[in-house]
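Undergrad: Since chain B is already given, all that's left is putting chain W on it; use the hints.
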Amino acid sequence: MLKTYTYPEYPYRPSAEQREGRTLRHPVVVIGAGPIGLSAGLDFARRGIPVVILDDNNTVSVGSRAVCYAKRPLEILDRLGCADPLVAKGISWKIGKVFVRDRLAYQFDLLPESDHKMPAMINLQQYYLEEAMIAAIGREKNADLRWKHKLIALKQHDDHATLTIETPDGHFTMEADWVVACDGANSDTRRMTGGDFVGQFFQDRFLIADVVMQADFPTERWFWFDPPFHPNQSVLLHKQSDNVWRIDFQLGWNADPNEEKKPEKVIPRIRAMLGPNVPFELEWVSVYQFACRRMQSFRSGRVLFAGDAAHQISPFGARGANTGFQDIDNLGWKLKLVLDKVAPEALLDSYDAERIFAADDNLLNSTRSTDFITPKSVMSRRFRDAVLELAETVEGIRPLVNSGRLSRPTPYLDSPLNTPDTAPFKGRMAPGTNCDDAPVTIAGKPGWLLNLLGEGFTVLTFDTRPPVAKLDAGPLSARVLTVGQDFADTRGLVAARYDGEIGTTYLIRPDQHVAARWRSFDAAKITAAMRRACAIPAAGRR
Amino acid sequence: MKLTTRANINDPDGFYQELIEAQRDLGDEEAARMTCKLVILLANHIGDRAVLSEALRLAAPKSAAIPPKA
Numbered sequence: 001m002l003k004t005y006t007y008p009e010y011p012y013r014p015s016a017e018q019r020e021g022r023t024l025r026h027p028v029v030v031i032g033a034g035p036i037g038l039s040a041g042l043d044f045a046r047r048g049i050p051v052v053i054l055d056d057n058n059t060v061s062v063g064s065r066a067v068c069y070a071k072r073p074l075e076i077l078d079r080l081g082c083a084d085p086l087v088a089k090g091i092s093w094k095i096g097k098v099f100v101r102d103r104l105a106y107q108f109d110l111l112p113e114s115d116h117k118m119p120a121m122i123n124l125q126q127y128y129l130e131e132a133m134i135a136a137i138g139r140e141k142n143a144d145l146r147w148k149h150k151l152i153a154l155k156q157h158d159d160h161a162t163l164t165i166e167t168p169d170g171h172f173t174m175e176a177d178w179v180v181a182c183d184g185a186n187s188d189t190r191r192m193t194g195g196d197f198v199g200q201f202f203q204d205r206f207l208i209a210d211v212v213m214q215a216d217f218p219t220e221r222w223f224w225f226d227p228p229f230h231p232n233q234s235v236l237l238h239k240q241s242d243n244v245w246r247i248d249f250q251l252g253w254n255a256d257p258n259e260e261k262k263p264e265k266v267i268p269r270i271r272a273m274l275g276p277n278v279p280f281e282l283e284w285v286s287v288y289q290f291a292c293r294r295m296q297s298f299r300s301g302r303v304l305f306a307g308d309a310a311h312q313i314s315p316f317g318a319r320g321a322n323t324g325f326q327d328i329d330n331l332g333w334k335l336k337l338v339l340d341k342v343a344p345e346a347l348l349d350s351y352d353a354e355r356i357f358a359a360d361d362n363l364l365n366s367t368r369s370t371d372f373i374t375p376k377s378v379m380s381r382r383f384r385d386a387v388l389e390l391a392e393t394v395e396g397i398r399p400l401v402n403s404g405r406l407s408r409p410t411p412y413l414d415s416p417l418n419t420p421d422t423a424p425f426k427g428r429m430a431p432g433t434n435c436d437d438a439p440v441t442i443a444g445k446p447g448w449l450l451n452l453l454g455e456g457f458t459v460l461t462f463d464t465r466p467p468v469a470k471l472d473a474g475p476l477s478a479r480v481l482t483v484g485q486d487f488a489d490t491r492g493l494v495a496a497r498y499d500g501e502i503g504t505t506y507l508i509r510p511d512q513h514v515a516a517r518w519r520s521f522d523a524a525k526i527t528a529a530m531r532r533a534c535a536i537p538a539a540g541r542r
Numbered sequence: 543m544k545l546t547t548r549a550n551i552n553d554p555d556g557f558y559q560e561l562i563e564a565q566r567d568l569g570d571e572e573a574a575r576m577t578c579k580l581v582i583l584l585a586n587h588i589g590d591r592a593v594l595s596e597a598l599r600l601a602a603p604k605s606a607a608i609p610p611k612a
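Chains B and W, in that order, are what the protein sequence lines are. When we follow our numbering, the leftmost residue of the first sequence carries the number 1, and every step to the right adds one. When we follow our numbering, the leftmost residue of the second sequence carries the number 543, and every step to the right adds one.
With the rest of the complex left out, here is chain W:
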């Protein structure tokens, strides 16, 4: 497991609030588009393909589990 799964954000409540605030005045479509940009920016920051794949698996709904990469 290369994905950090222990608590890693030193201000969890503050981050969460900022995330929600950032989208408070956005409509669903705008918020969805912003979320996509956020995912792309953060994915680029992480860069490590193995970490990104692990995160994709962990985020996927249980019913649609993404098979591990060969």
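Pulled out of the complex, with its shape left as it was, chain B reads as follows:
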């Protein structure tokens, strides 16, 4: 049915270990080559971990699926070396309009703070994202992406897992120190480890359609409550690349998914929405039912779960794939330190703690949006309609309208890896928060702060003369990045965003989150904070 995109078919290549009947122990095996599995492959490989990524299929995502990518995931993809073509290909947007019945109730602007390298949000079909990531993986010598490899059994041992893999050539066995399960909402890996979800499944269904049309709708997010062309339900319209538009129709619980997917059902719905004179072609249709739930623990023995395999989040707010990238961002450096025996395995428990904290924040937000968009009782529907009706004329009521709260990173404010502040700071950069980007000048050329942070720990200091250029603490080390020496804060935005005074010093984790900050450069304190961020017990205490 697709007219604007031809699916690549990636070749199945039998592995030497299968051909020769050898059982090899791999440091990390990633299950699933969707966006999250691919980002795991890229992240781990770039950190120096030899990684095998297995996928039971041999192509990219069918249909546009995730569509919206927010600033923080784009920053992560930029660290992984593949954001630029995605931003160039994707559609940037910042205006959202909310319609109630046949009227525009109000519009909002994401009002992204200017002077960040990445935009607030882009829309892009998931297949383009995956294609770019697969190409990037092909450039990593540490990454081995294997198509048509299906995990069919998993057995856990104290220090590794045994995987039985099915390929077109039959079965073979692999061993892995760690398995990272990125095999989606219906994760087989989750089932094999006996992990189950806690949370709720919503009694609602949505029809999602990719439509090709030359329409003069602006590049905005349009959301309708109870539109005349689809009474009593909600509809969302989003622009993607190649004049492909994504339309989501709420169907209600009683809809028959197989019936609703038929073109003879879908086309009249779209025709009613666009009017009789807009030519369009249908590219892809799917019906889904969504959930807000997560695993009780994202770690089961030697298996770590990420993305939809670990948590399912209702689509309002584009929090699904976006939070999955942040799972991997959190996991990669920890896995590397544990594999190198620099940090204890307890560091991986902080993956569970930090990303469950983030998952719960996402679940809270998307459950609230869902309760607003699909009220569960007569009275909650009346309250919802009251808010919508008032919002048209009473500006102060508009913040109550909830058509999805768009994905934002969750700061790990209570993380055990943080070293608490001992001095007052202004602004947003509290320990546990992802670092804000800012424009800088490097050797006379314009650049970006986040691009300077690198793969390891970084000390960012406003000290005029820090005592060292690199801070070594046993097996741990941090590069010292000095404002005014390594780069120029030409526009003063680094100082403004980090409340930088002379002497102000930040310890930044390998995932670009603040671990600690002080008002002066103190190597002993930095070292202690770095050990704490790696879950290494303080000296003299075991």
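It is possible that part of the hints are untrue.
No farther apart than 27 angstroms at their CA atoms in a straight line, the calculated lysine-lysine pairs in the DSS-like style are these [what the hints assert, rightly or not]: (1) Lys579(W) to Lys97(B); (2) Lys117(B) to Lys239(B); (3) Lys376(B) to Lys604(W); (4) Lys376(B) to Lys97(B); (5) Lys376(B) to Lys544(W); (6) Lys579(W) to Lys604(W); (7) Lys341(B) to Lys470(B); (8) Lys525(B) to Lys426(B); (9) Lys117(B) to Lys148(B).
Residues from chain W that face chain B, not an exhaustive set, calculated with beta carbons under 7 angstroms [unchecked claim]: (10) Gln565; (11) Arg566; (12) Ala574; (13) Arg575; (14) Cys578; (15) Ile582.
Rather than coming from a laboratory, the hints here were simulated on the basis of the structure. Keep in mind that this is a model prediction, so the values were computed, not measured. Note that the Cβ used here is the ideal one computed from N, Cα and C, for glycine as well.
TA: Frame of chain B, contents of chain W only:
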């Protein structure tokens, strides 16, 4: 307790009459919808989350007491 629970309306009978009058000619559904709008408008006016939570607890039926916020 931040919620004002002492008498605070300087014309209680007048207010009550106005409230009832406002809905006298409305059907049940219309009246319910109007009440919802009223709740939303007044909640926005109050704004203070602690006061709103106290009011929600005080208004809840005894059998369905809303636990205090942690």
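Undergrad: Determine which of the earlier numbered hints do not hold for this structure and return their numbers in increasing order.
TA: The structure breaks hints 5, 9, 10 and 11; every other hint is satisfied.
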